[in-house]
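Chain by chain, the residues:
Number of protein chains: 2
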Amino acid sequence: MESYEERVRNIVNHLTPPREVLMNDCSSSSEEQILNSNETSSSSTLTWNKQELFEYLEAAPQHIKVAKKKLQELLKDPIFAPKYNMNVQQWRELTLQRALVIIKAGAISLAEFNRDPMKYLISMEMLNLVDPSLSVKLGVHFSLFGNAVLNLGTEKHHIKYIKDIDTWKLPGCFGMTELGHGSNVQGVETTATYDKTTQEFIINTPSDSAQKFWIGNAACHGQACSVFAQLYIDNVHYGVHVFIVPIRNADGTTAENVRIMDNGHKLGLQGVDNGRLWFDNKRIPRDNLLNKFGDVEKDGTYVSSIPSKSKRFGSMVAPLVGGRVLIAASALNVSKMALMIATRYAYSRRQFGSKGNEIRIIEYLTHQRRLFPMIATSVALSFAVEKLKRIYCEPNKSSQNVKDLHVWSSGLKAVVSWTKTNILQLTRECCGGQGFSSFNQIALFKSDLEIDMTYEGDNHVLLQQVARNLLVELQKGRYTLTNPNHDSSNIHDYDFQVQTLKWRESDLVSTLSQKIMAQLDQGRSLEQGWNTCLDTITLLGKAFVDRITLEEFQLGIKNAPSSLKAVLELCRNLFFSWKVNEDLGYFLCHDGLATSTAQKIQDSINVLCSDMLPIGLDLVNSFNIPEQFIHAPISKPDYIQEFRYGLKRDY
Amino acid sequence: MESYEERVRNIVNHLTPPREVLMNDCSSSSEEQILNSNETSSSSTLTWNKQELFEYLEAAPQHIKVAKKKLQELLKDPIFAPKYNMNVQQWRELTLQRALVIIKAGAISLAEFNRDPMKYLISMEMLNLVDPSLSVKLGVHFSLFGNAVLNLGTEKHHIKYIKDIDTWKLPGCFGMTELGHGSNVQGVETTATYDKTTQEFIINTPSDSAQKFWIGNAACHGQACSVFAQLYIDNVHYGVHVFIVPIRNADGTTAENVRIMDNGHKLGLQGVDNGRLWFDNKRIPRDNLLNKFGDVEKDGTYVSSIPSKSKRFGSMVAPLVGGRVLIAASALNVSKMALMIATRYAYSRRQFGSKGNEIRIIEYLTHQRRLFPMIATSVALSFAVEKLKRIYCEPNKSSQNVKDLHVWSSGLKAVVSWTKTNILQLTRECCGGQGFSSFNQIALFKSDLEIDMTYEGDNHVLLQQVARNLLVELQKGRYTLTNPNHDSSNIHDYDFQVQTLKWRESDLVSTLSQKIMAQLDQGRSLEQGWNTCLDTITLLGKAFVDRITLEEFQLGIKNAPSSLKAVLELCRNLFFSWKVNEDLGYFLCHDGLATSTAQKIQDSINVLCSDMLPIGLDLVNSFNIPEQFIHAPISKPDYIQEFRYGLKRDY
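Residue numbers (the numbering used here), protein chains in the order written: chain A, 76 to 726; chain B, 76 to 726.
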């Protein structure tokens, strides 16, 4: 055996290459050596039927599967083939033409929006995989404008508008956001003043900060807009209401007393024609008020079944919850697609090692630690997102359903969109230069979906909704506090895992409560106290989502075909260890874990990654993303062939 | 005083708004209340001369300041005005025209590259603020192709090429990366076989994986390429050498025995015409070998002063270090610019609160915790990056300089580019929808600079260089291990701070050494052991950069005008607390901090943010970024005015 000194010398020699050489030192090790160097894998024989896992993750009833297949066929139309090299005008035109193909086929319709929301959701998710501009453009028209007509309007509106919406005869916009007011919708400045002499509303933009801003379809194609405005009758203010306002004539010219400007070039979603709107004493008939929650009679009498202004407002924005559900679901799909692309590349791309036998880059621990925890996280989130979709589509929602829908959609929209952003970043980097090429798909999603964190509710604002709900539950005595578990011998035991995540959430909610109390004791207002705690509030929102994700995952494992349980459990363990590791400072500072347990959890990550190594490729290939949507050349088994001379990609 | 039950009821009432309302509850608090609700600020009277801080951060000698001003004047030419709405061809044409303006003015030249590298660097940094495609296109031509001619070639090459390079008569490419080989440059497949009968080299692309890939200027404008190829003479292999190979004729047609394809649309840098190259028995004269480190005589005799192939290779890639220096410097500039834009917006944008008196969004703790630590980090990094630039520009480098340059450029390129990516993400989100608009500048940088993490050395590979150097130092007995400091009473004391960061680095380097030893004990190869430790290696690389950043910052504070010390110290404390907080799990798991100290550090962040609140705007306005380059409408004092009706931005 070598002496210590000999070994040191040996190491120093190995570690002293020419200083400027930009590579690591694995130049002599073969792939097999590296494979063997991993910790003993307990999962080396893990196998399952890929189609079975695909279908279990897909979790769709039969009629939806049929609809999906039909839409998949439609999406084989060459107009949906990838195309990137366009200026804004070309992007918008292509997106419009794509939208018209969908509409002509009746693949998306408002008629179905309420009747079979799951089918609607899943169709929109699929369009998002093809072209996010397309799904957003149609989403503005159907999920926002159409949804307002459907769920804030009454029969007269349904009769007048639904057919024209379904045929794109009346392309719609959603006029909520103003330059000066995004998150604070209740603060919009646009006014709607009732003129009883003519039985019209007069819509006005009182200042430049009141211009409607970022309005999808407004720059080019929209003809009507559901405008959020403060209602005034005889100088009395009745709060925010929604009105149908014509903004363009059928020939495409701008309507009278409306001014339109273009929002211009953006980071992504170039195909969506976002615009800005001003109204100058724009008169609209009394019938154009979407009057389900509040109406104005001919003589100017205001009638509503909901007396409180803010509760009325709440009812009016309630239908927007669908947008958050769709963002969470779409972000998860895109995460999976990016992981499929990057993981396939990682198992075929080789770099360093002996000539002719270079090492697959997935063998590098840094690569494993970037991809595998995110694969596990995507699988974990599948079950919580699926549950959210089910609650959203529940036709007769209990009051618990309604509350869960609000809290879960807020929390999951925020956490899944951030997770997706993180995954797109990691996969971009894992693919190196190839990740920068539009042809490999990650780039477009990175640009287009960046706005996920902002629209349909800023993520930080949404997490406040989650925290507020938990605090109310605590104050009402409906929240059970959990103790930490300091003596777990098995960190892979679900009971230990869930207790650990429950403890963190519970510790955060009671900390939050105490901190706010302390602020009140110091004579500060609740609002001041709330702002002082926004860091805790954000952590609490995320902790809640982690906990429900773990719980839903465990339910999913319980209900899974037995052949899938082992691989799902591996994912659950990695998800858990990764999540705890990310927040280890909190657990240790607040005595939520013993240091030895924390260390065990930290150490488990590399072992779980080793377990994942033999099956990582099979796992992403079991993801419920139809192969048809993956065209990245680096995702193909022989990526070199995809770049052979003469094979052109002029798009 | 209220009873506990009354207070609870009060809170529950406040916290139970209509469930769907997408806003927080601060609707009744005025800005003043929120301001007062912050912890007592010790810095409320902190003032300094903004110009003084600007100049201290700029740190440029007088002749460079003059050159900067001159370049700033040139950059007022309308061709440099922002423009985004273009397809790839238009982007490339505009970038070329911009490049020609720079070249015609002689603002960047190879002649100066070695003579005054600091001036060259700073000029390139400035171009990057205007248009990263422009700086990258010129960077490929000068810093890569030209640098190869200058520093790998000899006098005959200088005489033949330098003038034509400086005038763009000979636009150049840098043919290092191949489809199959990015990080592993030594593994390139392209061959250069010497034919002594004609005294020519025959350049060949033996397979599709050997095609030169991502070659800037290759798709459209390049006429010559410095090609990295394996040299063979009489079937003997001499390792990688660099050759000047013509790829286009002066009329723009493709040269004989060369095939070119386009890399196509990318996430960013659309103005750079990246292309792919194949060589088919392309014959070039013997003189086209850049022969500074190895030459072939007429009769085929190989001569070199460096006997080892890999050392020779090291010398050939050594000049590339400048690219890493430039990436670090440019990434820091862009970070500062993004922070200036987002911070100015945060101090003027208002949302929620009582009507007519809404709260500036910077008042929200979540906003402060995103922007302020990054402002502090940017200031901190300024001094380390400045030091790196000074080492790089040192005309007579000591061997310590050479080593530091390698390690510092590797570490800082990785850490600063990741920090920049994080800052662009945070500022994008902090600006909400406005962050998504190209007009507000963050979007373009987000797309264009995404590749920073990959080119000029993948960040993970670069951090291995840092770790390897530290391990060698340890093994050679030149690394002093540091003990943790468990009883600090003042976390704002520099000695405590630096000891804490030194301990982490030292703990990681000794852990790494032990882990590798243990692997060797188990019979594994050094390469296997190295791969098993890649997670520790990455942490170590980052820990090293944090430590040198803190040390350089402290030196910068020591040397600063006394009026600037207080604000710089505030930044240092926030930088330190943030960095430790990010990695608290490590400190606590490895007993590097007492739990009570860890908690103190955690708690300090909100207090330091409060201290920053009154001065955050002044601080970013003192950043050394010329106002001329900031055109984002949201960065203007009255951003609403920037969006008034009729003010068009058709670019």
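What the hints contain is simulated information worked out from the structure, not anything from laboratory work. There may be inaccurate statements among the hints.
No copy labels: a pair is met if it fits in one copy or bridges any two.
Cut-off 16 Å, straight-line C-alpha distance, at most; resulting in silico cross-link-like pairs (EDC-like, lysine to aspartate or glutamate) [what the hints assert, rightly or not]:
#1 K633 with D568
#2 K125 with E469
#3 K235 with D337
#4 K143 with D191
#5 K577 with E627
#6 K144 with D309
#7 K145 with E548
Outcome of the hint check:
1. K633 with D568: within (14 Å within a copy, 53 Å between copies)
2. K125 with E469: Close neither inside one copy (30 Å) nor across copies (59 Å); limit 16 Å.
3. K235 with D337: Result: close neither inside a copy nor across copies, 29 Å intra and 52 Å inter.
4. K143 with D191: The answer is within: 13 Å in one copy meets 16 Å, while 63 Å across copies does not.
5. K577 with E627: within (13 Å within a copy, 43 Å between copies)
6. K144 with D309: neither (55 Å within a copy, 61 Å between copies)
7. K145 with E548: neither (45 Å within a copy, 64 Å between copies)
Checked against the numbered hints given earlier, the structure breaks hints 2, 3, 6, 7 and satisfies all the rest.
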